[in-house]
Amino acid sequence: MKGSFRTRGLVLRTTDFSETSQVVKVFARGHGIVDLMAKGSRRPAKNSSSFHAPFDPGSWYDINFRKKNGDLQLATEARLVEGFRHLRNELPVWLDATLALDLLRTLFTPGDPHDDLLRETLQYFKLLSSGVGRRRLRNRYLHSILVASGLQPSWELCAGCDSPLSEVQARDLVFQLPAGFFCSACIDISGRISVDHALLNYLRADSTQEWGKVPSWQVPDTVVLRGWEVLSSLISHHLERPPRSLRYLRV
24 MKGSFRTRGL VLRTTDFSET SQVVKVFARG HGIVDLMAKG SRRPAKNSSS FHAPFDPGSW
84 YDINFRKKNG DLQLATEARL VEGFRHLRNE LPVWLDATLA LDLLRTLFTP GDPHDDLLRE
144 TLQYFKLLSS GVGRRRLRNR YLHSILVASG LQPSWELCAG CDSPLSEVQA RDLVFQLPAG
204 FFCSACIDIS GRISVDHALL NYLRADSTQE WGKVPSWQVP DTVVLRGWEV LSSLISHHLE
264 RPPRSLRYLR V
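For the sequence shown, the numbering used here assigns the number 24 to the initial residue and increments by one for each residue that follows.
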């Protein structure tokens, strides 16, 4: 649908198009992924400028844009709302933020808005400023990604026979891609990860944990790291190529 629109969006990636312009990919409220041509965004700013500075990845903007024929829309005005500067103060934190931006960019498509996920991404970025619980926050965010993309497995039932996982003995409980958790009667012999109820209970609780409680949540590091192994493998399995940020990330 053609027309002019005003929204807010999180910048996922920028590409310099010319000395004065950028192509910008944003995750926009009410629109999902939008590719924008921002003519003049790299020019020195004046009071009358439509863009007061170049677009910056990981930042949150008020954006006016005009829909045109084709995939590239025209940004007509933008103002920075929140730059999340704390994300750039430490490399591990920036890599976590970059992974979030990469997953939004690769798992979702134009015209498919996920406003709840967008809100959770902003909450995630804000909480990364605390300097506490970074790994737990990352796992919680991967849950949100899995839910929004339709890849979240059941934490309650065997993927093969729908038996309650809580009734399966620990020695008979395994995780296997791509479906999720299985009892011993339903598993294949290849590509499986042994799990226990401590890990399963953590993943089940983490999938609905309130964001504000995640940084101070007391969970053994070994369980958090094993949770990362399960969650990241679920996402990687559905990507043709893992994001570069995932390869660079040091757990």
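The reader is advised that the hints may include incorrect statements.
Simulated restraints, written as ranges between beta carbons of each label pair [said to hold, decoys possible]:
hint	residue 1	residue 2	range
1	Ala76	Arg142	22 to 30 Å
2	Leu180	Arg128	31 to 39 Å
3	Lys236	His260	26 to 34 Å
4	Pro265	Glu233	28 to 36 Å
5	Leu180	Trp240	39 to 47 Å
6	Gly53	Val155	27 to 35 Å
7	Pro243	Asp135	35 to 43 Å
8	Arg142	Leu180	23 to 31 Å
Hints listed in this document are in silico derivations from the structure and should not be mistaken for laboratory results.
Ideal Cβ positions, reconstructed from N, Cα and C, are used throughout, including at glycine.
Hints and how they fare:
no. : hint                          : in the structure
1   : Ala76 <-> Arg142: 22 to 30 Å  : 25 Å, holds
2   : Leu180 <-> Arg128: 31 to 39 Å : 32 Å, holds
3   : Lys236 <-> His260: 26 to 34 Å : 29 Å, holds
4   : Pro265 <-> Glu233: 28 to 36 Å : 29 Å, holds
5   : Leu180 <-> Trp240: 39 to 47 Å : 25 Å, violated
6   : Gly53 <-> Val155: 27 to 35 Å  : 33 Å, holds
7   : Pro243 <-> Asp135: 35 to 43 Å : 37 Å, holds
8   : Arg142 <-> Leu180: 23 to 31 Å : 29 Å, holds
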